[in-house]
Amino acid sequence: MTDAPQAAERPAFQLKSTTVSLTALELAYFDTDSFEATLRDKIRQAPGFFRDIPIIVSLDHFEGPTGELDFFKLLGICRRHNIHVVGVRGGNDDQRRLARNAALAVLPGSGRGDREATAPEQAPEAEPALEPVGARPVSANPAAARVVTQPVRSGQQVYAPEGDLIVLASVQAGAEVLAAGNIHVYGPLRGRALAGVNGLEEARVFCQSLEAELVSIAGHYKISEDLQATGWKAPVQIQLRDDLLVVTPLDRA
Amino acid sequence: MARIIVVTSGKGGVGKTTTSASISTGLARRGHKTVVIDFDVGLRNLDLIMNCERRVVYDFVNVIQGEASLNQALIRDKRVETLYILPASQTREKEALTKEGVEKVINQLSETFDYIVCDSPAGIEHGALMALYYADEAIVVTNPEVSSVRDSDRILGILQSKSRRAEMNQDPVREHLLLTRYNPSRVEKGEMLSVADVEEILAIPLLGVIPESQVVLNASNQGTPVILEEQTDAGQAYDDAVARLLGEEREHRFMDSQKKGFFARMFKG
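So the protein sequences, as listed, match chains A and B. Per UniProt numbering, the first sequence starts with residue 1, numbered consecutively. Per UniProt numbering, the second sequence starts with residue 1, numbered consecutively.
Bound conformation, chain B alone (with noise of 0.2 Å):
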């Protein structure tokens, strides 16, 4: 049975796109067979940052709708081998993807590999809903500032309430924060929430703090999941949240100045 996760966060632009191919080729780089699905329809990006936009033939809805099988659709990461991408279609509404017809894919899917994540649309509607709703566990990606804090917990919310998880009665979805943007002299300066803010308000376990950095930006416009930029900050601090979602500890990092003033408040506290 493979784990299904969902990357999700309610606000767009937080980056969802940006963390589903950093993640899914980080557990794919540790020998995990993955296939990562865009569930953006009608707003293909994932396909743009993996670098495979020119090799798309056949899509998620096709495969949906019975127009193509499975093995037609998903395309081989040329970099990872054990990586396999599921496009989304950009002619087509959200409201091609049923639950059924994603059931029958995810399942299938489950036969094969070890790892399915999905790439949330931005919002809570229909195409949102169908991309979380089969997860066992949920990658929740926050910006530190209130409004994506907002609707971080509103996610969260439709997680405990709409997942097959919560419909079943079985053991929740497992969530975890994923704080990306964060710039720890802004977060100085007051002008942007702290990691521990952050914690407190959603209270969910941290699986990293992937720092604001121009290499991320210069990763995607080049196509490379920014986790194979394994010199730079963030490339290695997806590295690390990967390692900690397969069970590993490993001690946060590049967080420093909040450090401080986290420890500044304990003692003054």
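So here's chain A without its partners, still in its complex pose (with noise of 0.2 Å):
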């Protein structure tokens, strides 16, 4: 906690260190009817998901030129679909500027791609119990799990922003788990879980019965759909591999 205010007077604010969980928009080349194209599928995939989010558009991966690179354009297809793009990742001096004439926000790069040695930044987010105490304002414990033994039920929402989050009962179809770290679910997951949802892409999900409608990772997703290959109503891990999601049955793990 911050130090409590000297002034008699209470403070209209304080400033706070805090995590959000946010899904980045990795673009590969920017035009604007293949961009709109685009949105509108992985939207209708999943069209709770997206409503009114807020997105970072990432340019680690960037390879069109910048000259295409047109930030308003952008904008306005994402506000058209319910979508906030609140800042810009990566990319070069020239992008960055072009972000902020279009009054977004520029954070450092995800270490890739990006000129200026980022990497030694990311360290310490996945592996907090590193960092000296005091050095920074983050959390030097790692946080404990947030552990459930209810069901999770349709309707409901279960968040452990710091975390792992275990649940040792099922998570019904409706229903939404998320967290910063793991998660478990010792019973049938059969809603949806979001793991590493401030990007930690080494989190995983686990569960006794695969039967989800959305698994996520670090931002990567994938719906019911796409997870019928393998291990459906078994037990797995899901974990993030090259960018994608590997379902990998417990017994062969």
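There could be a bad hint or two in this list.
Unchecked claim - Going by beta-carbon spacing under 7 Å, a handful of chain B positions derived as facing chain A:
| # | residue |
| --- | --- |
| 1 | Gly-66 |
| 2 | Arg-150 |
| 3 | Asp-153 |
| 4 | Arg-253 |
Rather than coming from a laboratory, the hints here were simulated on the basis of the structure. Since this is a predicted model, take the numbers as computed values, not measurements. Quick reminder that beta carbons are idealized off the backbone N, C-alpha and C, glycines included.
Quick one: dock chain against chain with the hints and give me the complex.
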């Protein structure tokens, strides 16, 4: 917690360090028509997921010419689909300038393809235990897992904003569980599970029976239709390998 | 202190009012002083099923708004003398049910009654929330089909998070599953979920299984709670459910074909 204010009057606000879950839109190239077509397609696959969500545009994998990067058009399309672009990650100086002109926040890149070495800054996020106490306004101890013993019912949402989430019962269809870290479900996973919501790509989802509507790790997701092939209704773990969700039955893990 | 039982489901038309009528009649017939409250303001039905619609003078909303006393509004059942009905208002909106108003009426009823059965309206809106808010126990009425099971799951979540017991951090509301309109032969054909399927999904204790039957429809049309049709399977199934609610151990009946399926599955696995 922050220090108590010295002034007798209560200050209008305090500044605190916080982490929020964001989905990154990994832009490969920008063309108005194909951008909108792809967006529409994604939204059709999971309409609930995209409604009014904040996203950042990641330029780490941007391969098109900087000249075609029209942020005003991009923002317009997103706004039409109720998606709120809050900032831009990565990119070169020119691209960042364009983003700034469009009043977007500019965030450091995720490490890959970014000339300024931001990789060391990423490490403490993944393993906060290595961070010396007090060096940064980041929690020094690994957060305790949140443990839920009751079934998570349809319409309910359980969120572990810092560590792992452990559910000792079922996650029902229409329910949603989210965690900054791993998600363990010691019952059937019938709803939606979103692990690594702050971008932790090492996060995994474990469950006794995979019957999920959607599984997501660090923003990479698969919907029920695409999960049927491996380990459906069986005990599995799901992890991210090369930006792809991989389902492995637990007896073969 | 009275035990407050809500009969709820989320989905409409699954048999909440039929169940409220039969469970309350069953409790009263065993000598417990019981009142059944119709929370379905605007779509009053319970009085029809209990055959007292011609005797409604004042209703639940009148009592809440202080226009009538509780004794003026309570209707004594003609068949079972320890049973009373508090009818819903047909002309008001559900918003007329305030948390404070409902609490006042329930507290007053608690002084003289052993059981208060709350017949919830369908949905998860205000009326349904008011019906379940003060509950100690919940009978979740479910039909053996996917959408009904999903809605029951939603209601169970609301019981865990929005009831008074949840808000006060008391012991959770005791949940009971009552499966209605159960047809073993259709289960066998794969047209309906089995008891085992529903139990597996909802993961709450099974209070009873009421077989699908013409008797239920006839009884409601005649204004007789089906539990009073003692010679019928549905009537006996409700009687079993009431006995289990009071802590008696009774074997589940009227799910024969399903039982075979269950064992077959066990041996296969």
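Do the hints match the structure? See the list:
no. : hint    : result
1   : Gly-66  : 35 Å, violated
2   : Arg-150 : 6 Å, holds
3   : Asp-153 : 4 Å, holds
4   : Arg-253 : 28 Å, violated
Hints 1 and 4 from the list above are not met by this structure, while the remaining hints are.
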